[in-house]
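Chemist: Single-letter residue listing:
2 protein chains.
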Amino acid sequence: MISFFVVLIVALVAIAYALFLRWRIAQLPAGSPAMREIARAIQEGSFAYLKRQYVVIAPIGIGIAALLWAGLGFLVALGFLIGAIASSAAGFLGMQTAVIANVRVAQAAHEGIKPAFAVAFRGGAVTGFLVVGLALLVTALFWIIFGDMNGMIGLGFGGSLISVFARLGGGIYTKAADVGADLVGKVESGIPEDDPRNPAVIADNVGDNVGDDAGMAADLFETYVVSLVAALLVGNQTGHPVIIPFLVAGIGLVASLVGSFASWMKNDRAIMPALYRALAVAGVVSGAGHIILSRWFFPNEWAALFGSLLIGLLLTGAMMLITEYYTSKRARPVQTIARASQGGHGTNVIMGLAMGMEATALPVIAIAAAMLGSYLLFGLYGVALATLSMLSLAGIIITIDAFGPITDNAGGIAEMAGLPDHIRAATDSLDAVGNTTKAVTKGYAIASAGLAALVLFSAYTEALLERGKIIFFELADPYVVVGLFVGGLIPYLFSSMAMRAVGKTAGAVVEEVRRQFREIPGIMARTAKPDYARAVDIVTRAALREMIMPSLFPIALTLLIAFALGPAALGGLLMGVIATGLFVALSMTSGGAAWDDAKKYIEEGILGGKGSLAHQAAVTGDTVGDPYKDTAGPAINPMIKVVNIVALLIVGFLV
Amino acid sequence: MISFFVVLIVALVAIAYALFLRWRIAQLPAGSPAMREIARAIQEGSFAYLKRQYVVIAPIGIGIAALLWAGLGFLVALGFLIGAIASSAAGFLGMQTAVIANVRVAQAAHEGIKPAFAVAFRGGAVTGFLVVGLALLVTALFWIIFGDMNGMIGLGFGGSLISVFARLGGGIYTKAADVGADLVGKVESGIPEDDPRNPAVIADNVGDNVGDDAGMAADLFETYVVSLVAALLVGNQTGHPVIIPFLVAGIGLVASLVGSFASWMKNDRAIMPALYRALAVAGVVSGAGHIILSRWFFPNEWAALFGSLLIGLLLTGAMMLITEYYTSKRARPVQTIARASQGGHGTNVIMGLAMGMEATALPVIAIAAAMLGSYLLFGLYGVALATLSMLSLAGIIITIDAFGPITDNAGGIAEMAGLPDHIRAATDSLDAVGNTTKAVTKGYAIASAGLAALVLFSAYTEALLERGKIIFFELADPYVVVGLFVGGLIPYLFSSMAMRAVGKTAGAVVEEVRRQFREIPGIMARTAKPDYARAVDIVTRAALREMIMPSLFPIALTLLIAFALGPAALGGLLMGVIATGLFVALSMTSGGAAWDDAKKYIEEGILGGKGSLAHQAAVTGDTVGDPYKDTAGPAINPMIKVVNIVALLIVGFLV
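For the record, the sequence lines run as chains A and B. So the first sequence is numbered by the numbering used here: it starts at 4 and just counts up by one. So the second sequence is numbered by the numbering used here: it starts at 4 and just counts up by one.
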């Protein structure tokens, strides 16, 4: 019990530290009246969206909670509601800090890139430690109070479902606003990005917050909780002390806190090294903690347990290096796409698609090796702990990621407020790094889902066993194969819907911007102000309308297969959804980021630079990559979890 | 034995009929001297490529045959060589007819669209009946003479391996020439498609023959042989008469012959109905034959057997309808892409990708339903016969498909020879239909692979069993999951390589065309002739160089996993490669065709018509779709088969 208190205290310390950082950031100067006005518009738009998102989700959530109560009892429903509310809170709180930090980063940039970096990093840390502290606190408290495994599964379900909505709704919002603003702004009217004359410019900046910040925070919250619950489930089934997963999580959180102090910039160009140093320190501290933990609980087989935990840390590092390779301007993939842009729009897109597909290979091999290695060392429990060890670093990973949308917004504010060029240059440098870290986080989240696939599947098998049903999920069983195929189509249909939603919503933005240019004369001459709020409102409504169907159909299809074809087909479906989901998500997130950086590479003046034919082609690639990397791709991770958890929940009805 | 003779006679009749048609076509007038000269250039380029392709493949094939002989005995090696040679011959003979028919279609178009259609259809029928007659003859003879199942697997291996090379090499060739010619011709220099001033124009027309004709013929040859071998394997294991699969194949061939006589055009616009009528008649005749066959062999359970066979026919029809929907200018998907083109290049590509992903759903559901239905009716043998029943219509399917490249070439010849506009209009109408039938054939081939997945997997399981090794391919086994993931990455990496190969080769074409425009003054003013042969030579060399790696790495990776991780991981790999391969192939072939038709839709004058912004965007989508639908997508089908057959062959070394 004393160990549980230690875990709770670690969680509370992380939350307290995050609140302290938040208070410190709020004390910083918020810049000129113009900057504050813009920041306020972004804040208002962001909160307006998030509130309406919750209003839309609330009845769905309450309806599901009622069904869960009726079918599976009070604790599952309670767990679901707590998970849903905590996940929403994680997204909300993360974003709340981002919209305070953004303008202060722009202001700090007056004094140089280092102070701006420090503010942005701390802003990211608030999100990171709030999300992880909250996740650990809620999970541990729920377990201490109720000690009910089904309730814990409900908790995971709540978190995952909210996270699908948040990733999709936010992802549709951010990319529709971005694509829409670019299409009319940059392409048709020839005004630069973030130009205040563009009526969609505030919506574009709001999108960074609701998609890349609130959506990402909810996603990582869910990934963290589900990894923890999965480790608890397997530990419970294999008879290991229930405290171990909590301690692994606690060690990772302490390590992330320590790491966050190692993020100083050695010089004005060393942004990435500063972030990587923070992560590396966190990894080393975590590893040290894992040795102590392993020797304490398993004096005789500590090396095997430690090995599994170490594999989780190594996979995190490997995913980072691989993603960095595929999205770095100094490496082959991005440069190949850039060179292909000289052939025009078509060859740019062909090469980007090819690179995205190639970018799945190394991560999948790394995931497969990690799965096999941790299994050979410590069985299924080893795989569960490797996943958890990976996720235990979420505190520092989110910090590094949430840094991105804050600097992106800071750049937008600097541009709109007409700040001097060197300020914009500073925020642009930070933003470029943020693009890579964003891609890394998505790879990290989906890799953890791949690693957890075996664990979640085994939990499902075990749940059937506990109910006296022995099923062999034989690949030679037609029901399993049919399940595999139908499961495989879920990520495809899901991505298709998400991308079409972006296309449709972006179309609505384009129309509205064109309408404002037409009906409000003087916008281009800067004598009249565009109606930002209306653009914000249009994107908000469209994104919320479009997120419902893709979020719910995977659940519906899972239920249909389960009750029409039985538990063997459902098992096949679980593997099918991860088998194609892994590839679709990885190819989209890496491919999208590579397109983005190929454009940035050309904008550095290479291959003709801005305005050249190659640059136009690269802009097309970047546009295609937008819904790939920020809408469809990242939403696949929580969607896979939702399907798996639904399977766990309905097991009782299938036997 | 008498039944075997009937089957052999059917095969011989089909071959004789094809040769008769070929002779009849050769008698037709070949047009003006200009037309003949162009046709000769295309012929020479096509044969030059195909000969060099075989020269490149031959040592690889002989090396593999030697290994097979050493490891698995003489009959497997012999089967392999016969399969390889027959598959090559099928491609060669099919193409040989196409390059005779193309110019005669252009000439016949002087008398109207109906005579042109008749020549093109007969040209397609030569390929169709040669390929299927040859496949049935070789398979039946090999079985009658040697009666060795391993030799039959070797036969399938030879066919599949050649088919991967042919699909990839031809696919890279055709699309590199097409994209390269378009990029410099249409986009940079503003000259129309098939303009004789474009130095890559002959290469482009050669590409239609070596890719869409020879490559397709080899692919369908392999699909046919493997389906037949798979049915023999399962029939052997379950103790059913070995003649049944041969009779099903024979019935389908007779039905295809009957169907081919039902292809008259009711009026000048009814091209598609004429083709569909031929297919429908073949289906009905086939079904009637299936009833007789079922009642004869299984008087008591004839309905179950007939049901399985009928499912194969229905799946063929379903795939046709679904593909038609996703690629028709009159349906939602193509029109949605066309409308999205108004937003520019980026939104066109986003929508095309989304539609391609969506287009996987209905086929996969149809395949899953067919698999489950035929399994419930007649067990694994039912699934095998459903696949074979589907493939037994290959004669008429290939006829309908091979029709496409012939009319495409006819259009090219008409344009280059400066024939009057109404001739080009007639060939264009025929060509447009050919685009849809091409997409249908690819969907058909990959659907049969999906349907056969369970059969091939069970054959692998059974082969292990026969060697005394009982393995449960449990989805909760980490080796199986690792195999599933690694198998899943094969289609991704394979497609990535194929697309990059097209990009690289197209780049070489662009350079060469630019060089000729620069160094041979007078090309644009028509006072000098471009050096067609050099462009043909460059594409030939590049395509052959680029096809090797992607063709061989799936085999290498399969062997690596098999020997490093054992038979369970290999089983996972077999399912993984079909699980993602099915989706990648379907999304690429349907998406690519939809992009193509969206461009054609706009060219009809809708949404601004030719030259509008929407049209430019649609051209980009078409360019992206080219390697999707004609290189990477269709090559996945034989690649899946190669991996499965390699697994069957090495089973003996794994236990």
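Keep in mind the hints are simulated off the structure, nothing from the lab. There may be inaccurate statements among the hints.
Said to hold, decoys possible - Covered by chain A, per the in silico footprint, the following chain B stretches (three or more residues, Cβ under 8 Å):
#	region
1	149-162
2	484-492
3	507-513
Beta carbons are placed, not taken as given, at the ideal position from N, Cα and C, and that holds for glycine.
Chemist: Compare the structure with each hint and give your call.
Modeler: Here is what the structure says about each hint:
1. Counting residues of the region 149-162 of chain B whose beta carbon lies closer than 8 Å to any beta carbon of chain A gives 0, which falls short of the minimum of three for the stated coverage.
2. With 7 residues having a beta carbon nearer than 8 Å to a beta carbon of chain A, the region 484-492 of chain B meets the requirement of three or more and the stated coverage holds.
3. Note: the region 507-513 of chain B has 3 residues with beta-carbon separation from chain A under 8 Å; the three-residue rule is met and the coverage holds.
Of the numbered hints given earlier, the model fails hint 1 alone.
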